[in-house]
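Residue numbers (this note's numbering): 1 to 256.
Any given hint might turn out to be false.
Taking CB as the label site, the calculated pair distances span [as the list claims (entries may be wrong)]:
no., residue 1, residue 2, range
1, His218, Glu70, 35 to 43 angstroms
2, Glu91, Asp166, 48 to 56 angstroms
3, Ser237, Ser154, 47 to 55 angstroms
Derived SDA-like pairs: lysine to any residue, alpha-carbon spacing no greater than 20 angstroms straight-line [stated by the list, open to error]:
no., residue 1, residue 2
4, Lys124, Ser219
5, Lys124, Phe163
6, Lys124, His153
7, Lys124, His218
8, Lys124, Pro88
To be clear, the hints were calculated from the coordinates, so they are not data collected in a lab.
Where is the CB? At the ideal position from N, CA and C, for every residue including glycine.
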Amino acid sequence: MTSDEDESEFWGFAQGAQGLFTPSEDGLRHVELLGCSPQGRLLTCLDHLGGRRASAGSAHLALLDTEGIEMGSYFVSNVTATTARPSPRGEGLLDVTVRLWCDQLLPGSAWVWDLLRAGQLNRKGLWHSLDPEGRRAWLSVAMWSREYQRREHSEDAAPGQVFTLDGREVVDADSFYCALGEAINGPGGYFGWNLAAVDDCLGGGFGASPPFTLEWRHSGIARSLLSHHHAVDGDTSTFEVLLEIFADHDIDVLLR
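Start from the sequences and build out the full structure, keeping to the hints where you can.
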C-alpha cells in the first residue's frame with residue numbers, strides 16, 4: 001500500500017486480507033490486513049486508534065503475485081485504522097483492521113485474483129458458469145490486471161489478424177465483453193467492458209490494432225439477445241452500436 005499523495009511513501013504490506021471485496025451497508029469496507037508490516041502514515045495511525053488521527057487518508061492498494069510482482073491496484077480512500085494486534089503469521093507482524101472506501105472492489109472478484117495469482121487463469125471459458133454479478137466482477141479483474149497479464153506480450157498483435165469470438169455463452173452485454181476479451185487477449189483477457197471502453201481499446205494498445213477480422217461464431221444468439229438491449233441513447237440496440245463501432249475502426253466482422 002502506498003500513499004496517493006506521494007507514491008514513494010510506502011505504508012506497508014500484508015500477507016493476506018479479509019473483507020476486501022465485502023462492502024457493508026454504509027458502503028465502507030472493514031478489512032483485516034493479516035500479517036501486516038505497517039509503515040509510514042499507516043504505522044503512525046496505530047498510535048491514535050479511536051481518534052481522528054487514526055485516519056491515514058487515500059492510498060493505492062496493490063495485489064501481488066507469489067513472486068511479489070504487482071498484478072493490479074485499486075484506489076482506496078478514507079483509510080482508517082480501527083484495531084491492531086500481534087499476528088500469528090510472524091514475529092513483529094500485526095493483524096490490522098482498517099475501514100476504507102472503494103467502489104471498484106466488486107464482490108466476487110477475490111477468486112479471480114486467486115486464479116491469476118496461482119497461474120490457473122489459463123484456459124478459456126472459466127467465466128461461463130458465472131451469474132451477472134460474477135461476470136461483472138470477472139470483467140473488473142480483467143481490466144485492472146490487463147497490464148500484468150500482457151507484461152510478456154505488451155505489443156499489439158500485427159494488423160490483419162483473425163480473432164475468433166465464440167458467441168455461444170453471450171447472454172447479455174457483459175458476457176459479450178467477457179467473450180471479446182478472451183478472443184483478443186486469451187483467458188481472462190480484457191478488451192473493454194462497455195461500449196465506450198471497446199471504442200477506446202480499438203484505438204490500440206490493448207492487444208490488437210485495426211485493421212483486423214473478428215469471426216463471430218454463433219452470432220445469432222447474441223443478435224437475438226443484444227438486439228433487445230438498448231444502448232445509452234435508448235433507441236439503438238447494443239448489437240447495432242457494436243457493429244457501428246467495429247465498422248468505424250475498419251474491423252471486418254464475420255457473423256457466423
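Status of the hints after comparison with the structure:
The given range of 35 to 43 angstroms is respected by His218 and Glu70, whose C-beta atoms sit roughly 37 angstroms from each other. At about 51 angstroms, the beta-carbon gap between Glu91 and Asp166 stays in the expected band of 48 to 56 angstroms. Between Ser237 and Ser154, the C-beta spacing of about 35 angstroms breaks the proposed range 47 to 55 angstroms. A threshold of 20 angstroms between alpha carbons decides the hint, and for Lys124 with Ser219 the separation of about 18 angstroms falls inside it, so the pair holds.
A distance of roughly 14 angstroms separates the Cα atoms of Lys124 and Phe163; the hinted pair therefore holds under the 20 angstroms criterion. The suggested pairing of Lys124 with His153 holds, with an alpha-carbon distance near 18 angstroms, which does not exceed 20 angstroms. Proposed proximity of Lys124 and His218 is supported: the alpha carbons are some 16 angstroms apart, at most 20 angstroms. Taken as a hint, the Lys124 and Pro88 pair is broken in the structure, with Cα atoms around 38 angstroms apart against an allowance of 20 angstroms.
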